[in-house]
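Chemist: One letter stands for each residue in the lines below.
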Amino acid sequence: MREEGVRPRQSGELTRRQFLTYALGGTGAFIGASILAPLVAFSLDPLRKTTGARFVEVGGVGDFHEDLPKQIHFKVTRTDGWIQGEATMTAWVIRKGRDILAMSPRCTHLGCQVNGTVDAAGNPVPSTDGEWWFHCPCHGGRYTKYGINDPATPPQRPLDVYEVKVDNGKVLLGPIHQRTV
Amino acid sequence: MFAKLYDWIDERLNVTPIWRDIADYDVPAHVNPANKMSAFVYCFGGLTFLIIVTQILSGMFLAMYYVPDIVNAYKSVDYITNDVLLGNIVRGMHFWGASLVIIMMFLHMLRVFFTGSYKAPRELNWIVGVLIFLVVMAFGFTGYLLPWDQKAYWATAVGTNIAATVPIIGPYIRTLLVGGDTLGALTLTRFFAIHVFFLPAFLMILLAAHFYMIRKQGISGPL
Ligand code: HEM
Ligand code: FES
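Note that the protein sequences, when read in sequence, are chains A and B.
With our numbering applied, the first sequence corresponds to residues 1 to 181, in that order.
With our numbering applied, the second sequence corresponds to residues 1 to 223, in that order.
Bear in mind the hints are in silico, worked out from the structure with no lab data behind them.
One or more of the hints may lead you astray.
Stated by the list, open to error - Within a straight-line C-alpha distance of at most 25 Å, the following computed SDA-like cross-link-like pairs (lysine to any residue) qualify:
no.	chain 1	residue 1	chain 2	residue 2
1	A	49	B	60
2	A	49	B	4
3	A	96	A	60
4	B	75	A	46
5	B	151	B	164
6	B	4	A	46
7	B	75	A	82
8	A	96	A	79
Said to hold, decoys possible - A short list of chain A residues far from chain B (calculated; beta carbon distances all over 10 Å):
no.	residue
9	38
10	43
11	95
12	138
13	165
As the list claims (entries may be wrong) - If you only want the chain A side, here are some residues facing chain B, beta carbon under 10 Å, derived:
no.	residue
14	36
15	37
16	39
17	40
18	41
19	42
20	45
21	47
22	48
23	82
24	83
25	89
26	166
27	169
We treat Cβ as the ideally placed atom computed from N, Cα and C, and that holds for glycine.
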């Protein structure tokens, strides 16, 4: 027994038991973390993926008018995991002077499809509801032909718009954005 | 902070005796590698369990992307391997882990055999161990088909044909394994269900019995 080697413990000094608990706990935490870290990263992969929206030609500038929006459908290739598919997109397009405004039909309240004012054949006609031209079937949201919302109805921002490029008189639509103004 | 939270819970629910009962177990000198290095052979069972836990975890995460269908299975595994962040690592954990479980389990079994620990009164736990062994082999057999590549397909063709050589009932076993007479869509869904639902459930039950018996009977004495 090396009794003379034993000295009284200073306050705040680790006991043998505490030291072993920390050493063991630390090792265990390290092993656990090295197993869990790649698994967590693996499940967070969707945060890293972007929908690679490319621009798609949807017609000439002359196809669109200043008086009323026109509904168009176009196809985009969409990557859904390992599945490459075509998705049909819809836009309401109106000309405002030289600018092309291409609106998404997705209601900015809770995402239903808004209806434009059209006749039985599907051709745009002037509104019968004053300045309100788009109507949402879900909770009565309504918008002007430029997609500006009626603040007295549920939607609280204008219809989102496609990014538009005009190239040699051709109109190309890209990703959808919220309007900044 | 954790100590305070623990005390708060403990004051109300008195949880200390519950874990003390499980954790306060003096490791006998002859199984403690700190006394004699060769006692590390007693760690093999625990290491097998550690790897089974990582198999279950990595399997749960793989199932986020895997699809058990003959059109998509290969594509989804390919997607996991090449497109998902750290996908090759997670698939690799499950892939290499599958072989490692079997190796560790075998080493554990050899330890039990050479220390004579299977003798009375521990025969029942040896029997449970053999059942665990079978369940783990079944994990390997069913999991191997899931990537639905050439290796998977033909390995399963061979495996199910071996099962068919059992006298009298062999052909019936094969039909039940394959889910019909051709290896295809129904085989894949069966193997998937067995791999991720049935076998994990059996394994949990067997492991619970295994560990309960170890605590009840204590570890076997020194040679
Ligand atoms: C002792 C336990 C286990 C063993 C030995 C085992 C074995 C295997 C093997 C050999 C493969 C084929 C791997 C490949 O070739 O890439 C596989 C795939 C798979 N396993 Fe397991 N497995 C076990 C537990 C589990 C559990 C508990 C789950 C889920 C709850 C699971 C889910 C999966 C999935 C989704 C796949 C397909 C992904 C892939 O092929 O990479 N496994 N398993
Ligand atoms: S979703 Fe259009 S008004 Fe509610």
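Chemist: Starting from residue 49 of chain A, check that the Cα of residue 4 of chain B is at most 25 Å away, please.
Modeler: violated (41 Å)
Chemist: Beyond 10 Å from every chain B Cβ: check whether that's true for residue 138 of chain A.
Modeler: holds (32 Å)
Chemist: Quick one: work out the minimum CB distance from residue 95 of chain A to chain B and report holds if it exceeds 10 Å, violated otherwise.
Modeler: It holds; residue 95 of chain A is separated from chain B by about 41 Å at its closest Cβ, greater than 10 Å.
Chemist: When the nearest CB of chain B is found for residue 169 of chain A, is that gap smaller than 10 Å?
Modeler: This hint is violated: residue 169 of chain A lies away from chain B, its Cβ roughly 39 Å from the closest one there, beyond 10 Å.
Chemist: Could you grab the alpha-carbon distance between residue 49 of chain A and residue 60 of chain B and see if it respects the 25 Å cut-off?
Modeler: Distance ~21 Å between residue 49 of chain A and residue 60 of chain B Cα, so the pair holds.
Chemist: Could you grab the alpha-carbon distance between residue 96 of chain A and residue 60 of chain A and see if it respects the 25 Å cut-off?
Modeler: Holds, because 15 Å separates the two Cα atoms, which is no more than 25 Å.
Chemist: Does the nearest C-beta of chain B fall within a distance shorter than 10 Å of the C-beta of residue 36 of chain A?
Modeler: Holds, because the Cβ-Cβ distance from residue 36 of chain A to chain B comes to roughly 7 Å (cut-off 10 Å).
Chemist: Does residue 39 of chain A pass the interface hint, meaning its C-beta sits closer than 10 Å to a C-beta of chain B?
Modeler: holds (5 Å)
Chemist: Next item in the hint list is residue 37 of chain A. Is there a CB on chain B closer than 10 Å to its CB?
Modeler: holds (9 Å)
Chemist: Would the stated hint for residue 42 of chain A survive a check requiring a Cβ distance to chain B of less than 10 Å?
Modeler: With a closest approach of 5 Å, the residue 42 of chain A hint holds.
Chemist: Compare the distance between the alpha carbons of residue 96 of chain A and residue 79 of chain A with 25 Å, and conclude whether the hinted pair is satisfied.
Modeler: Roughly 33 Å separates the two Cα atoms, so the pair is violated.
Chemist: Hint residue 89 of chain A vs chain B: min CB-CB distance below 10 Å?
Modeler: violated (24 Å)
In this structure, the hints that do not hold are numbers 2, 6, 8, 9, 10, 25, 26, 27, in rising order.
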